[in-house]
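**Student:** One line per chain: the protein sequences are E and V, in this order.
Numbered according to the numbering used here, the first sequence spans residues 1 to 119.
Numbered according to the numbering used here, the second sequence spans residues 1 to 158.
Bear in mind the hints are in silico, worked out from the structure with no lab data behind them.
In silico DSS-like cross-links for lysine-lysine, where the CA-CA straight-line distance does not exceed 30 Å:
| # | chain 1 | residue 1 | chain 2 | residue 2 |
| --- | --- | --- | --- | --- |
| 1 | V | K104 | E | K66 |
| 2 | E | K29 | E | K78 |
| 3 | E | K78 | V | K81 |
| 4 | E | K40 | E | K29 |
| 5 | V | K81 | E | K40 |
| 6 | E | K29 | V | K116 |
| 7 | V | K115 | E | K40 |
| 8 | V | K104 | E | K67 |
Computed from a predicted model, the values in this text were never measured in an experiment.
Each chain, letter by letter, is given below.
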Amino acid sequence: MNGISPKVQNQIAMLQQMQQQMQTIGAQKTQYEMAVREAKRATEELNDVTEDAQIFFSVGTVMMQKKKEDVLSNLNEKIETLELRIKSLEKQETMLQGKFEQLQTQIKQALEGKVPSAV
Amino acid sequence: MVNNVDNVDQRELQSLQAYLNEYRQQAEVFAQQLSMLEEGRIEAFAATEALSAILNAGDSTVLLQIGGGVSVRARVEEPDKILVNIGADVIVERSNSDAVEYLKDRITEMEASGKKVAEALDRIRTQMNEIARRLETGYRQAQQMNPPFSAEQPEEED
Numbered sequence: 001m002n003g004i005s006p007k008v009q010n011q012i013a014m015l016q017q018m019q020q021q022m023q024t025i026g027a028q029k030t031q032y033e034m035a036v037r038e039a040k041r042a043t044e045e046l047n048d049v050t051e052d053a054q055i056f057f058s059v060g061t062v063m064m065q066k067k068k069e070d071v072l073s074n075l076n077e078k079i080e081t082l083e084l085r086i087k088s089l090e091k092q093e094t095m096l097q098g099k100f101e102q103l104q105t106q107i108k109q110a111l112e113g114k115v116p117s118a119v
Numbered sequence: 001m002v003n004n005v006d007n008v009d010q011r012e013l014q015s016l017q018a019y020l021n022e023y024r025q026q027a028e029v030f031a032q033q034l035s036m037l038e039e040g041r042i043e044a045f046a047a048t049e050a051l052s053a054i055l056n057a058g059d060s061t062v063l064l065q066i067g068g069g070v071s072v073r074a075r076v077e078e079p080d081k082i083l084v085n086i087g088a089d090v091i092v093e094r095s096n097s098d099a100v101e102y103l104k105d106r107i108t109e110m111e112a113s114g115k116k117v118a119e120a121l122d123r124i125r126t127q128m129n130e131i132a133r134r135l136e137t138g139y140r141q142a143q144q145m146n147p148p149f150s151a152e153q154p155e156e157e158d
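Can you build the whole structure from these sequences, using the hints too?
**Tutor:** Set out below in structure tokens:
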């Protein structure tokens with residue numbers, strides 16, 4: 001970091017922080033997407049079983065017997081909530097990405113103006 | 001890149017090293033995924049075997065493992081009524097053959113996913129090898145241009 005002004009050093013630190021934030025958001029988004037896929041698949045499986053089939057819902061360590069329609073509505077609600085969260089994360093991701101690119105350009109310009117040509 | 005250059009750019013070497021580290025991390029993630037898929041496949045296969053065995057066992061007693069190498073004698077009252085976890089905390093009762101079918105489908109899916117992950121891992125390893133080769137060439141060139149100093153002369157004491 002020799003020869004880099006404190007301002008640029010600060011900007012680089014911010015850039016790294018943003019990168020970490022984007023990674024965290026990305027990981028969370030992947031987790032939610034997987035949960036949505038799992039819930040959708042469970043819904044498909046449930047649609048294939050007969051109306052009188054015994055269905056249980058896992059609550060903590062207990063498995064409670066539930067009606068098929070109740071489980072289906074529960075799953076649909078879960079999918080809806082998760083999809084909303086994914087959309088919100090996507091918005092955050094886009095916003096951060098924009099700021100990241102802006103800051104990256106600023107740092108690049110600052111460094112290009114200062115870095116001496118290679119010996 | 002580094003090949004065919006007269007002047008070895010230190011920043012380029014650093015950048016290549018960073019790429020290599022990034023790829024290494026990705027490769028570790030893929031290797032973990034592959035191992036999880038393989039474990040899942042083996043577990044599902046063992047479950048299909050167990051389901052068939054339970055169905056054929058009739059009234060006979062089976063040993064139910066409760067962990068820590070401890071088992072209890074148990075009798076499966078309804079070997080044709082199997083409770084299958086279909087994900088998202090939902091468990092559905094299925095017939096024995098349906099449960100086996102369900103597991104076989106999962107095994108097929110896991111095999112397909114495993115194949116894809118293995119291919120991705122292969123691609124990453126090929127790229128890692130290429131970067132490592134470029135790095136080695138770059139470092140060798142840098143060493144040739146700036147040979148390491150001989151041992152420092154100790155300062156003379158007054």
